[in-house]
Structures are given as structure tokens and as C-alpha cells.
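Peer 1: Start counting the sequence shown at 1; every next residue gets the next number (the UniProt record's numbering).
Between beta-carbon pairs, the in silico distance windows are:
id, residue 1, residue 2, range
1, 219, 402, 21 to 29 Å
2, 164, 381, 44 to 52 Å
3, 94, 349, 39 to 47 Å
4, 195, 157, 17 to 25 Å
Calculated from the structure, these hints are not laboratory results.
These figures come from a predicted structure and were not determined experimentally.
Quick reminder that beta carbons are idealized off the backbone N, C-alpha and C, glycines included.
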Amino acid sequence: MTASALDSAAATRTLPSLGAFAGRLRGRLEATEDSATAAYDRIMRRLGISIGIAGAIIGVGELPEVAEQGSYASVWWSVAAVALVFGWYPIIAVVAAVSGTKAIKFVCGCAAVSFLGALATIPLGFDMHTVDATNIWPYRLTALAVSAGVLAWSGRVTLVYLLAASASAAVATVYTVAEVTPQHIIENFLRSAGLAALFLWCGTAATGAAARVDRESAIASRRAAAQAAALARDRERARFAALIHDAVLSTLLEASRAGAESDVVRRQAERTLEQLDEYRGAERDPDLLDARSALLFLRSTVQEINPSIRFDTHTWHGFDDLRMPVHSASTIAAALSEAVRNSLRHASVAGREVRRAVTATVSAGSIRIVFSDDGAGFDLAAVSADRLGISMSILGRMRQLAGGSAFVESQPGEGTTVTLVWGGDGSR
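With the hints as constraints, model all of the structure from the sequences given.
Peer 2: Right, dumping it as C-alpha cells:
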């Protein structure tokens, strides 16, 4: 076999392996996200990857300056300083891509502290006033270190770090640079602190906005759950009132009219007592929705977004036995809402109307929701793993729900189908 054939065979074996690894990595990303902090986790990952890649690129760009100023310093210090200042950033990029928020915070904190460590060791590697430059090379990396601190700590802690890092960089310049003036010192501090403050503001604004999105999403979910629970309680009250009116009062009325023992009244009274026993013995948890309440809740969710979307229901024998927790109904409603909004945003086709429909199928212990459109469709393989709409808001939500699962099917030009399944016994 020729060398080119061997290379081709190796590439053929490698591509499926890479595809399988990417699939596992994507699944891990989806599994590690929490719907309660989805937006915050997403922005932390993206900022972590961006800062990590930026730090690695800047490190490569700074190597000529490091080598030039290294002639004034001990070799061990130059090597150690490069490792302390730049070594954490490739790790940050990798951790942000494959792990969660806690790990990102930890490695970013290590990067920020290591930068201070590099500044603190400058007197050990340099003689005083020996560097023929306007400042020492770590000085220019202050803003990068502050950016890492933004992901690691709260805004107040990062602000303290910014002042400490900027002051330390200015002091390091005073110690190492050959010619220093008070004006030079002040300018260095203000320039370093000002640039770092810009990065601090941008990072804090981004993470704060993501946290607010998560809070508003949680509030909306709790409101929807409360509305669903209130609807279930109202239905139970109406059901009990109907039983009292139709059975109990009518039996008492017939008994008062009969004036004597009657087989008809006796049988009616026995049946009324059986109905009361059934009602008392049945599970009447206000946090559980029956089939009709769950369907009404899901139908209202869709119609609030777009009243023109058709909502069909199919029931199997025993569907009245369905009891769905309010939390489960709210999760399904949130995933369904995201599917509908995605379709309205992205499925439009020029020159024709896109048809959309929801079909709900209910059995004794499960419910299946299928949303479909005949719109533009898309290539599932081309969707990035960190896209919140599909990976978290639909698939992730349902995967975290006990007894829940979800499937998305789509092809360019062939529309999209989103299937949401819930089974109360935890089966998929």
C-alpha cells in the first residue's frame, strides 16, 4: 500500500473519531449547564474562551520584548515570569470550553494572582534602574490580568485587585527603568488603571446582564407555575362544587320530598356517598395538574406567543389519570415556548406563509408534545454546542427534567420538528 493510501486510510479512521469526540464534548457541555443559570454560564464560557485565546496570542506577541528585556534580568526570572503571566491563559480557554463556571472562576483567579506574583518577584530578577525602556513588559498585561479577575471575583474585589495590580506595575516600572520622573509614574499608573477599568466595566456589565436574564427567567417560570397551580385548584373547587350541587343537594331534596323510605332515594344516596368517598380518597395535590389543566396551560403558553398556531390534542384510554407536577408542566412550557420563538425568528421563507402546529398526545402517565413547521429548516450538525436556544433552552431543560426527553429534527428546506416527552414514572 502506498504512503498516500495509508494517509487516506488514517484520515478516514480519524474523522469519525473526531466526530465522536465532538459529540461527547457537546453532550457534556449541555449536561453541565443549569437552566437556572443558563445565560450566566454561557457568557462565562464565552468570555473565558475569549480571554484565554487573547492571553495566548498576546504572549506570543510579547516574546520579542521579553527576550530584549531579558538581557537585563536573570534567566530564571524571565522563564518564571512568562509562565506566571501567560501560562494560565491556554488553560483558561480549555477549561471554559469543557467545564463549568466554578472551574472557570478558579483558573481565572489563579491567572490574576500569578500576575501579581510575577510583579512581586521583579526585585529578585532585576537590578535597580537598569532597564533602558519606558516600562517593563509585564506592565502592559495589567488589563489582561484584570479581565481574568472579572471572571473570578465580584466587582468590588476585582476593583481592589485593579488598583493593587496597577500600583504594583507602576512601582515595578520605578524600580527597573533607568530614567523615571514623577510625571512618568503618574502617567503609567493612570494609563494602566484606566485601560483595566474599561475591561472591568465591560466584563462586569456582560456578566451582570446575564445574571439578570437568569433572574427574570426564574421569576417568569415561578409565575407560570403559580398560575398553573391556581388553575388546578380552581378546577378542583369547581369539581367539588358540582358534586355537592348535583349529588348531595339533589339527594337531600329527593329525600325531603319522598317523606318515606324509597329505593330510588336510597340508591341515589349510596351513589352520592361513593362519589364523596372517591373524591376524598383521590390524590388532590394542588401542585399536580390533571390532563385537562396541563393541556390548557400548554395551549395558553403557545397562544400567548402566537394565537394563529394550531394546537391539536389526542387522548388515549386512561388519560384522566395523568397527574403532572406544576414544575414539570412549566419546564415543558418553557421548552415549547423556545421552540415556537425559534421558529418565528428563523423559519420564515420568502414568498409563502410558514405553517406551524402543535400536537399534544396524552395517555395515563405521559404526555407528548410535537411542534412542527414547514419553514426554512436548518442543519443540526452546523449548530454550535454553546447555542443556548437548542442545546439548553430545549434539549437541556428536558434532559434535566425527571422523566423528560426532547428531540429536534430538521433539514434545510424541509422544516423543523421538535418533540417533547414526559413520563411521570421517569421513563424516557
